[in-house]
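Protein chains: 2
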Amino acid sequence: VKFNTAVLDVKAGKKSIIINEDDANEIGLELNERARLTVGGKSTVCITETTKTLVNQGTIAIYRDVAEALGIENGSSVDVAYEPSPKSVEFIRKKIIGDKLSANEINGIIGDLISNELSDLDIASFLFSVYYKGLDMEEIKNLTLAMLNSGEKLELNGFVVDKHSIGGVPGNKVSLLIIPTVASTDLYIPKTSSRAITSPSGTADTMSVLANVKFSLKEIKDIVEKTHGCIVWGGALNLAPADDMLIRVENPLRINPRGLMLASVMAKKLGVGAKIVALDMPVGRGTKVLDIADGEKLARDFVELGRSLGINVRAGLTYGGQPVGRAIGPALEAREAMAALINPESASMSLLSKSASLAGIILEASGISQQGQGYNVAMDILKSGKALLKMREIIEAQGGNPNIKPDDIPVGSYKHQVVAESDGYVTLVDNESIVQISRAAGTPSDKGAGIILYQKQGYKVKKGDVLFEIYAERSSRLSDAVNLASYSPPVLLEGMLLKSYPTE
Amino acid sequence: VKFNTAVLDVKAGKKSIIINEDDANEIGLELNERARLTVGGKSTVCITETTKTLVNQGTIAIYRDVAEALGIENGSSVDVAYEPSPKSVEFIRKKIIGDKLSANEINGIIGDLISNELSDLDIASFLFSVYYKGLDMEEIKNLTLAMLNSGEKLELNGFVVDKHSIGGVPGNKVSLLIIPTVASTDLYIPKTSSRAITSPSGTADTMSVLANVKFSLKEIKDIVEKTHGCIVWGGALNLAPADDMLIRVENPLRINPRGLMLASVMAKKLGVGAKIVALDMPVGRGTKVLDIADGEKLARDFVELGRSLGINVRAGLTYGGQPVGRAIGPALEAREAMAALINPESASMSLLSKSASLAGIILEASGISQQGQGYNVAMDILKSGKALLKMREIIEAQGGNPNIKPDDIPVGSYKHQVVAESDGYVTLVDNESIVQISRAAGTPSDKGAGIILYQKQGYKVKKGDVLFEIYAERSSRLSDAVNLASYSPPVLLEGMLLKSYPTE
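So the sequences go chain by chain: A and B. Heads up, the first sequence is in this note's numbering, so the first residue is 213 and it goes up one at a time. Heads up, the second sequence is in this note's numbering, so the first residue is 213 and it goes up one at a time.
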């Protein structure tokens with residue numbers, strides 16, 4: 213049935229049509245059912261919303277994204293028809309009851325996902341079924357290939373390596389040291405990274421303080437062929453759009469099914485043509501890997517999957533029990549990373565040695581260094597200032613100021629210091645509390661917000677020493693964060709009461 | 213921060229605000245994050261959608277449901293603020309990893325659900341966690357009470373009994389015989405039923421052909437105190453709104469977690485004050501109960517839950533392998549039910565005896581009949597014409613025509629008969645195929661659409677005998693249904709090829 217369209221300029225994160233209730237009844241469409249919109253050769257499936265008065269009979273309202281997908285404008289004529297659930301909804305049901313999916317079924321799910329045929333609830337069903345029923349190695353490989361084939365590829369004329377962190381540790385700004393270290397050699401390292409999801413700052417957020425991070429694949433190719441490296445936002449690319457679409461629903465659900473994580477990481481690494489991948493797997497309280505045994509199992513799965521896909525994966529379990537370095541939050545982390553490149557001797561050892569370890573894994577695997585010498589070679593590159601020069605090249609190639617000094621980077625002007633109320637040793641630095649406080653302070657959207665940790669686990673402190681300092685760009689955010697820190701302390705001293713009861 | 217409101221008249225099935233992107237950035241709200249709207253003493257939580265041009269800075273657009281919840285109109289001023297996830301999202305996370313929930317936690321989840329604080333994805337998370345991790349009997353009891361307390365109650369001056377089918381069998385119009393049978397005695401049976409979800413016709417759809425089914429609790433009280441029975445749509449009541457809100461998300465997910473099913477049924481039975489409940493549990497291909505063992509387990513759980521809540525539950529496993537009676541679809545089923553009441557001797561035995569069995573369970577449990585005599589007493593009421601008279605009273609009390617004859621009920625004027633292509637016995641009547649074909653023909657929204665089965669399992673047919681007949685209100689729907697029936701035959705004869713390969 214033909215309708216006129218009224219385009220609503222709303223970015224709804226989902227595709228809907230809004231149709232007059234009487235029209236909906238006439239064409240047999242109900243609330244939340246699928247409707248297919250067709251115009252010319254283009255077609256898309258939307259979820260039905262109904263209205264009494266927003267649009268009259270004969271007109272449907274559609275959101276901006278839908279109009280763009282159909283290439284139509286306000287007032288265009290479109291055909292609207294009831295659309296049954298796509299075939300892949302049945303495949304998802306198979307996984308819900310625990311059946312193994314064939315390559316065709318996985319391709320069907322990813323194909324429908326990419327064509328926007330699946331609703332958010334369908335996608336959630338797929339995510340939960342994989343979370344609870346799992347995927348075997350063959351399913352994961354097929355999912356990886358389906359995700360890879362859903363997107364475009366970066367093709368570089370060089371030997372490509374990559375680094376990936378499976379995340380979960382605040383302050384993990386190691387990519388800003390690793391990329392220039394590796395890029396100082398003959399290797400290419402086109403690092404695509406994410407923005408913060410649950411953390412105070414993703415690598416892309418931190419780098420965005422120093423340079424642009426949003427580029428096309430063509431631009432990245434130019435940057436990497438010139439400098440051997442880049443640190444860009446992966447979300448603007450089209451490397452594995454199916455994965456991005458799954459992640460959009462996965463994040464609010466806060467589940468991270470292992471099979472999808474493996475496929476997601478490897479699809480993007482295949483997409484940039486990486487032959488060697490160093491995996492940073494932080495282990496410990498508040499990370500995604502609970503203990504060493506769990507980490508070893510995950511590492512073995514990554515290595516096996518990589519082998520079946522032609523990628524040499526080297527996984528490093530790293531200590532993730534407290535933040536890396538001292539700074540948490542985009543601008544504060546960018547300051548710390550630049551300071552570490554400028555003066556490695558004064559840098560936090562946790563930052564410097566973790567960066568050299570992971571860079572070293574890549575250098576050994578690629579034959580740039582001898583076995584057992586990767587760490588030392590990487591440390592030499594860092595301490596010689598070569599990594600700093602390379603980082604300046606990369607910042608410049610990405611449109612930033614290559615000569616930026618740490619102090620040039622603006623941070624929040626609202627600050628609050630928390631001091632030790634007694635002498636003692638630091639027994640715990642609580643990642644989760646740090647994340648909560650940083651986010652209350654405004655990270656990642658307020659780039660200047662965050663935390664500087666002055667004391668870490670095992671440090672001896674005296675009464676009155678500053679334990680940590682909170683930064684915010686807005687006073688209301690600062691007081692939220694300070695308030696949160698008072699009842700969820702991120703730095704605990706030996707002998708300190710965690711809580712006293714009764715609390716009043 | 214204060215905003216003007218523009219009310220969009222859209223029934224979106226979800227609560228959103230649409231805010232200018234610049235405003236969203238300024239107040240730190242991101243796409244899909246929660247926003248709290250407050251005006252006067254009223255407050256509600258919405259999901260954030262962003263726009264560049266639909267609204268200017270300083271104005272938000274909200275949907276009709278949200279405006280009604282806040283009691284505001286176009287142009288009113290509201291306060292908008294970022295809202296963190298409610299506490300119950302953490303409780304849901306506990307269930308996701310398989311922890312047991314306390315009464316307080318369950319009350320927290322149901323409370324937030326009722327206050328519209330949970331997004332559809334939060335609700336989906338709860339549903340999947342219960343589907344995969346289950347609820348123990350204590351959790352189910354607490355959930356039942358939380359659901360009960362979320363709603364209003366029907367208070368009748370009489371001894372209340374009820375009947376419930378856990379569904380899954382097409383053509384299951386037994387309530388239209390059971391209710392008048394039981395209501396012919398001293399018992400009260402206020403039957404609230406659902407509209408079709410996945411089936412061709414819910415009891416409320418079938419009854420809506422004969423009378424109104426949408427009443428308030430007050431009106432139902434009047435009807436039942438006058439006639440001892442009613443057959444109304446439960447969705448218009450407010451007996452357990454939390455349950456309705458879960459079901460709204462459960463239906464598109466097509467999962468039916470057992471613990472929720474138990475709580476959902478019992479909350480509604482408690483809500484009408486039932487002391488005795490007869491449970492119809494169809495078992496077999498295409499039903500919700502796979503086999504007898506599964507049915508017995510579920511029956512035991514219902515009985516145990518009922519006991520802990522003061523309800524005498526009597527569960528009857530019934531044969532659900534093929535439709536009950538011959539008619540499928542609202543109008544066709546209403547015709548068949550009225551014909552069976554008018555002339556029980558000619559009625560389909562599967563319909564008559566199933567109805568008498570379930571009514572008999574109630575009559576025995578309540579002491580109206582002696583043990584072992586319930587079926588006979590119920591059959592006497594049916595055959596004596598008392599049930600017919602009672603049904604006419606109920607129809608009249610619900611605003612229908614008490615003297616309606618089966619042939620007065622309009623059915624679809626587009627018909628197609630499918631005949632046997634050979635002699636043979638009917639080996640299978642496929643519920644699932646019948647449901648698909650009926651829905652293709654237009655049920656449940658086209659009341660006159662559906663199927664009449666002329667042959668059922670075990671019947672001997674001759675070449676040319678009519679196997680079944682499809683009814684539709686629209687020719688396009690009829691051809692869809694006929695087409696579907698040709699490659700997914702609902703009535704299979706011994707020796708008949710299910711499919712031939714290759715298909716071309």
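Heads up, some of the hints might be wrong.
In this list, chains with the same sequence are indistinguishable; a pair is considered to hold if it fits within one copy or across any two.
Stated by the list, open to error - In silico BS3-like pairs for lysine-lysine, Cα to Cα no more than 25 Å straight-line:
(1) Lys674 x Lys345
(2) Lys430 x Lys345
(3) Lys254 x Lys299
(4) Lys345 x Lys312
(5) Lys345 x Lys306
(6) Lys595 x Lys500
(7) Lys598 x Lys299
(8) Lys227 x Lys433
(9) Lys426 x Lys264
(10) Lys487 x Lys227
(11) Lys433 x Lys595
Simulated from the structure, these hints should not be mistaken for lab results.
> Which holds for Lys433 with Lys595 at a C-alpha limit of 25 Å: within a copy, between copies, both or neither?
Replying inline: Neither: 28 Å inside a copy, 84 Å across copies.
> 25 Å Cα cut-off: does Lys595 pair with Lys500 within a copy, between copies, both or neither?
Replying inline: For Lys595 and Lys500, the Cα distance exceeds 25 Å both inside one copy (32 Å) and across copies (68 Å).
>> If the cut is 25 Å between Cα atoms, do Lys345 and Lys306 qualify within a copy, between copies, both or neither?
In response: Cα proximity of Lys345 and Lys306: in one copy and across copies (10 Å, 18 Å).
>> I want to check one pair: Lys254 and Lys299. Are their C-alpha atoms no more than 25 Å apart within a copy, between two copies, both, or neither?
In response: This pair counts as within: shortest intra-copy Cα distance 20 Å, inter-copy 44 Å.
> When no copy is specified for Lys227 and Lys433, does a C-alpha distance of 25 Å or less occur within a copy, between copies, both, or neither?
Replying inline: Neither. Shortest intra-copy (33 Å) and inter-copy (43 Å) distances fail the 25 Å Cα cut-off.
> Given identical chains, is Lys426 near Lys264, meaning Cα to Cα at most 25 Å, within a copy, between copies, both, or neither?
Replying inline: Intra 42 Å, inter 20 Å, cutoff 25 Å: inter-copy only.
> Given identical chains, is Lys674 near Lys345, meaning Cα to Cα at most 25 Å, within a copy, between copies, both, or neither?
Replying inline: neither (51 Å within a copy, 48 Å between copies)
> With identical chains treated as interchangeable, where does the CA-CA distance between Lys487 and Lys227 reach 25 Å or less: within a copy, between copies, both, or neither?
Replying inline: neither (38 Å within a copy, 47 Å between copies)
>> For Lys345 and Lys312, with the copy left unspecified, which applies at a CA distance of at most 25 Å: within, between, both, or neither?
In response: both (9 Å within a copy, 20 Å between copies)
>> Reference check for the pair Lys598 and Lys299, CA-CA at most 25 Å: within, between, both, or neither?
In response: Answer is neither: 55 Å inside a copy and 50 Å across each miss the 25 Å cutoff.
> Between copies, within a copy, both or neither: which fits Lys430 and Lys345 at Cα up to 25 Å?
Replying inline: neither (39 Å within a copy, 47 Å between copies)
Against the hints set out earlier in the document, violations occur for numbers 1, 2, 6, 7, 8, 10 and 11.
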